[in-house]
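Asker: The lines below spell out each chain.
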Amino acid sequence: MNLSRLSLDRTPPLWVPLQFMITAPLFAVLFALLMLWLGPQTLLSRWMPGLIGATHILVLGYLAMVMFGAMQQLLPVVAGSPLPKDLLTSRVTHGLLALGTPFLGIGLATQAHWAVMLGGTLVLGAVALFILGALISLARSRARGPTLTGLWLAVISLLMAMVLGGWLASGHLGQGWPLPRYLTNIHLIWALFGWIALLIAAVAYQVVPMFQMTPEYPRLFARGYAPVVFSLLVLLTLPAWLHLPEWLTLLMGMALAIALAAFAVVTLWLQSRRRRRNADVTVYFWRTGLIALLAAIALWALAHLLPGWPPRGPLMLLPVWLFLAGFAMSIINGMLYKIVPFLVWLHLNNQRLNNQRLSTGNLRAPIPNMHEVIPLKLTRWQLYLHWLALTGTVGALFWSGLFVPALLLLAASNGLLTWNLAQGAQQFRCWHRRLKPSAN
Amino acid sequence: MQTIQDFFTHDHRDCDHRLADLESAVADQDWPAAETACARFHHDLERHLQREETLLFPAIDTFTGSSGGPTEVMRREHDQMRALLTDVQDTLARRAVDPCLGNIETLMTLIQLHNVKEEQILYPMADKHLSAGRDHLMGQVRTLEPA
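Chains B and X supply the protein sequences, listed in that same order. Going by numbering that gives the first Met the number 0, the residue at position 275 of the first sequence is 274; the numbering climbs one at a time, nothing skipped. Going by numbering that gives the first Met the number 0, the residue at position 13 of the second sequence is 12; the numbering climbs one at a time, nothing skipped.
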């Protein structure tokens, strides 16, 4: 390989990650509105079609959307290898996902087969294209280490979740293979603990020490965590085909819970030793996420240790809700406030440097720094709204009287997040114009 | 003998800590401490950048066969850091707390992303290809003082 062509500056254009990141919170708003329309009875069981549909809007439209965008920015940096045909891949993935998710989600919720078929096909196309691109990029990478291992295993987990999801969807449409309920659990564990948890861990190895200046993750932990979680997921998949005793499955589930809890504890411990004393909103979002993860695990374990708890009904949903909204959404939300301001600054700065190189346009315009891209005050307000929404939605699982206000808060929090990110994009547009040669 | 990866990664962390000290002092509006921290950071950062630009990168260029390859990108990012550090110094001199903190955060993020590329890709590559003359190179690196 020609080393001089090793690419260390393949920063994709701003719109590549930004289109994913600005669209994502709108899907959280859509989730809240759909749930409001469906009403609190949707929470009575995890098998309610409304709940399944709305959840897919949240996990595909919000979580996967941001993660796809972030990966396109991340791969050139940590792997030195961008997605193949990155601009085209990005446009097509975003288009298919943004279009397919509402059809799939609303189709599942209203049991409209045509919408599930249409939305499912579009979403499968988006996810498959992303997986293919990410695997090629990872295979081309010369980098090694825990982050790369974590990214590999996360993407393979997404592949598992996608295949199982497609299988389940075709079963729902009455044209698939047999549909044992256990398969839903396997689909769920690969999506949540493989794709989401492993990707967050792989990114955390880089960004926790980086942004908060903590010590590095202990080497043994960083090396072992993703392979251990992945192996446990493989073992937990076996009972779908082999008849394993239930205690063995439970034991493996407990091992998985301990591994996930260890990630939360190690990260909180690292953050407690951070060198940067100023706690910004991102630090609070991270802490919220990690504590929610611990709470989710504790409640899940409690449900297996205390017979008769939780009572049937909405409370059964508490661990998964804490994982999705408490852990994954909080951390992603916090990261957006680092990624978007930095990218806006980076692209404006590159434009200014270009001007300087070509001696044209505006050479020394004082472009906004990271704190000036999105007003810090608005990010703090959004953090408070997120906390209120999280507390409210958890409360709504105990008492349905909170259902409407909590979902309105969730919609408000994500509406404000969209607004804040759009402000970042607006700043870019405005400064981009000012830096143009013709502006002089 | 210490690897290139270990030495330079350690040097990165030292610079990071100097910058975090500066940030804390500015946030506390402890201006004498901030001036001292800024001078120390400036010295350590410049020493690190020059260790790379005058010693490590030319050595890397010999085996990649070009100075227009990965090291050119790294040199460009070094210049971006120097420009941002000037912004930090300007805002510090004006005692403008918020703009100074914003500039520090931006510089910190730029440095961190730059470090990831070096630590994940460039240093391991350098260790692999420069094993023969490494001891001599690292001897020079250690004693360098910024010009």
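Please note that the accuracy of each hint is not assured.
[Unchecked claim] Here's a subset of chain B near chain X, in silico, CB distances under 7 Å, partners left out:
#, residue
1, R276
2, W344
3, R428
4, C429
[Unchecked claim] Quick list of simulated restraints, FRET-style, between CB atoms:
#, chain 1, residue 1, chain 2, residue 2, range
5, X, R39, B, R428, 34 to 40 Å
6, B, A278, X, A131, 57 to 63 Å
7, B, V91, X, T2, 14 to 20 Å
8, B, V162, X, F62, 51 to 57 Å
9, B, V162, X, A146, 57 to 63 Å
Source of the hints: derived by calculation from the structure; they are not laboratory data. Here the structure is a predicted model, which means the values were calculated and not measured. Glycine residues also receive a C-beta, built at the ideal position from the N, C-alpha and C atoms.
Asker: For every hint, state whether the structure bears it out.
Answerer: To see whether the hints hold, each was checked on the structure:
1. R276: Nearest chain X Cβ about 5 Å off; hint holds.
2. W344: B/W344 check passes; min Cβ-Cβ to chain X is 6 Å, inside 7 Å.
3. R428: Since chain X brings no Cβ nearer than about 19 Å to B/R428, farther than 7 Å, the hint is violated.
4. C429: The hint is violated - B/C429 has no Cβ within 7 Å of chain X, the shortest such distance being about 17 Å.
5. X/R39 / B/R428: 34 to 40 Å: Given range 34 to 40 Å: holds, Cβ gap about 39 Å.
6. B/A278 / X/A131: 57 to 63 Å: Given range 57 to 63 Å: violated, Cβ gap about 47 Å.
7. B/V91 / X/T2: 14 to 20 Å: violated (42 Å)
8. B/V162 / X/F62: 51 to 57 Å: Between B/V162 and X/F62, where Cβ atoms are some 43 Å apart, the hint is violated.
9. B/V162 / X/A146: 57 to 63 Å: holds (59 Å)
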